[in-house]
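**Student:** Those sequence lines, one after another, are chains U and D. Oh and the first sequence: position 72 is 72 in the working numbering, straight run, nothing missing. Oh and the second sequence: position 291 is 467 in the working numbering, straight run, nothing missing.
Rather than coming from a laboratory, the hints here were simulated on the basis of the structure. Don't take each hint at face value.
With the Cβ distance kept under 10 Å, some of the chain U side facing chain D (calculated, not the full set) [as the list claims (entries may be wrong)]:
hint : residue
1    : V57
2    : D59
3    : V67
4    : K73
5    : P76
6    : P106
7    : V150
8    : V160
Computed from a predicted model, the values in this text were never measured in an experiment. Idealized CB from N, CA, C, for every residue including glycine.
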Amino acid sequence: MAEDTSEANRSRSAGLGVTDTDNIDEMYLTFALANEEYGVGIADVTEIVGMQRIMSVPDVPHYIKGVINLRGKVIPLMDVRLRFGMPERAYDERTVVIVMDVAEAPIGLIVDGVSEVLEIPPAQVDRHAQFGRSSSRPVIAGIGRVGERVAILLDATVLVSENDVALPADISVAAQ
Amino acid sequence: MSAPSPEASAPDSGLMRVSSDKISRLMDLVGELSLSVSETVQSSDLSGLVLTNFDAAVHRLNMIVREVQDAATELRLVPVDDVFRRLRRMVRELERQTGKSIDMVIVGGDTAIDKLVADKLYDPLLHVVRNSADHGLETPEEREKAGKSSQGRITLSAAQVGSEVQIVVADDGRGLSRERILKKAREKGFFGPDEEPEPAALWRVIFEPGFSTAETVSNLSGRGVGMDVLNSTMTALRGRIGVDSTAGQGTRVALHIPVSLAFLDCIILRLGVQLFAVPIDVVSEIAKPAPGDLLNISAGDRSEMFRLRGNYIPVCRLDRFYGDTSRRLQGTHPDPVLVVFNTSSGSIAVPVDEILDRQQVVMKPLIGRLAKVRASWGCALLGTGEVALVLDCERLGAGVSA
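Extracted from the complex, chain U is given alone in its bound form (with noise of 0.2 Å):
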């Protein structure tokens, strides 16, 4: 199968394998922060709860903000707002929690709200895999293009991983 780099690097994450022809793996479940929009293949995805009591958990980055016990099962939480070094905000009522599966752990995605399920077939996908500009692996999978929406797609594997995964300014512009 004839792949650049960068196609070879996405089909290693797990879940948003873009050589499987299998319709979920188109699937984004889009959510805000800030005036952004952003997406998360939907695969990976578990459950949406709302916001719970989370408790902290030391030895662990900022922005992971503690576990919640979700029926039995202890699942950190990620602010991706922090993730990302954007400012904080403090939780509402819209503020949501995507619990996903990601390399076999479960993580949860704190945003601040979730928009709906996209399906956006690969044709509509920028992959430029420029905004890292790094040789590590970019936690921006792509751009999705729906009509006149656009959704930055995420790379869930590497949003958990340890990497440093601050956005590069020019997002906010391509995102527009």
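We have chain U; now place chain D onto it with these hints.
**Tutor:** Same frame as chain U, but now just chain D:
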């Protein structure tokens, strides 16, 4: 021939195979059930109501939940005999290789132990048994000269003691050589040249990484890795090792292992907004420091000591240990309590805001983003639905003395 394993026995014995996934699922559900019950019972909607009959029903419900929990835990218990039988086969092999005649005695094979524990026990036990057969037991000629029967004996026994299972490997061989072990331990820097350690402290060094006194490395043992395997497995199983030996009469290695890895008897502590749980058996005492009992030592690495009945114990502040900058581990109580833990590197005192409770907690492993949290066994789900971090006091203690 040994008896067939339970799985292989005839269907009329009433046994059935159940995948461990299904049992894990059941355990999770039982955990959820007990949480939901306590959520319901402690619901704020009920406050101020007079609930005579309700309270009686709650009491009954709680009892049933506890029984269901016990029954679910029991599902994972298997007799330790499965492991022992494999060892018996191994001993026959050892007899052939060493030319020694070994009488293997098994006691308490029906002792029940968590399947997860049982699966991990074989390798470390094998090393202990090998050591006994290879180094502990003498050759038939030596034994006869020493007035013993020419056949050596290795006794493998298991018994439940409280919430622990004690597995003992005892041989009637020559015993550990104090002279040789001490010489080697001094060479390796475990003891000073003039230090005369207590026997128990000396025997313990044979489990230290890289320590092996076998003068000739045989293909059976003596490479110094076996004891490391034992050590690391015991750490993973939250177990302890004890060694006792009498020259000329034999060596006894005792492994103390918790019956179940799923539930743990813990004391719940609070520091700042964080809850911690510690296994009850490592807590040696709880003290309230009087003014002047805490001694700051600015020299060196800026340490702090706690005076307990004339002895000074190093203090381990969790906020400092974890390098906490969020102030979430900042003590909030004006006069904190000191919990003293027993660790193999000595006692340590950990200041906390308060001691909340003693309870059986459900253990959850730290996975994904939590895997790197230091000095912890895992997360504990409390009856209230809260999550506490289970402290591994051994590693805390090692961190303090390092």
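**Student:** Run every hint past the structure and note whether it holds.
**Tutor:** Here is how each hint holds up against the structure:
no. : hint : verdict
1   : V57  : holds (6 Å)
2   : D59  : holds (4 Å)
3   : V67  : holds (5 Å)
4   : K73  : holds (7 Å)
5   : P76  : holds (5 Å)
6   : P106 : holds (6 Å)
7   : V150 : violated (29 Å)
8   : V160 : holds (7 Å)
When held up to the earlier numbered hints, the structure conflicts with hint 7 and nothing else.
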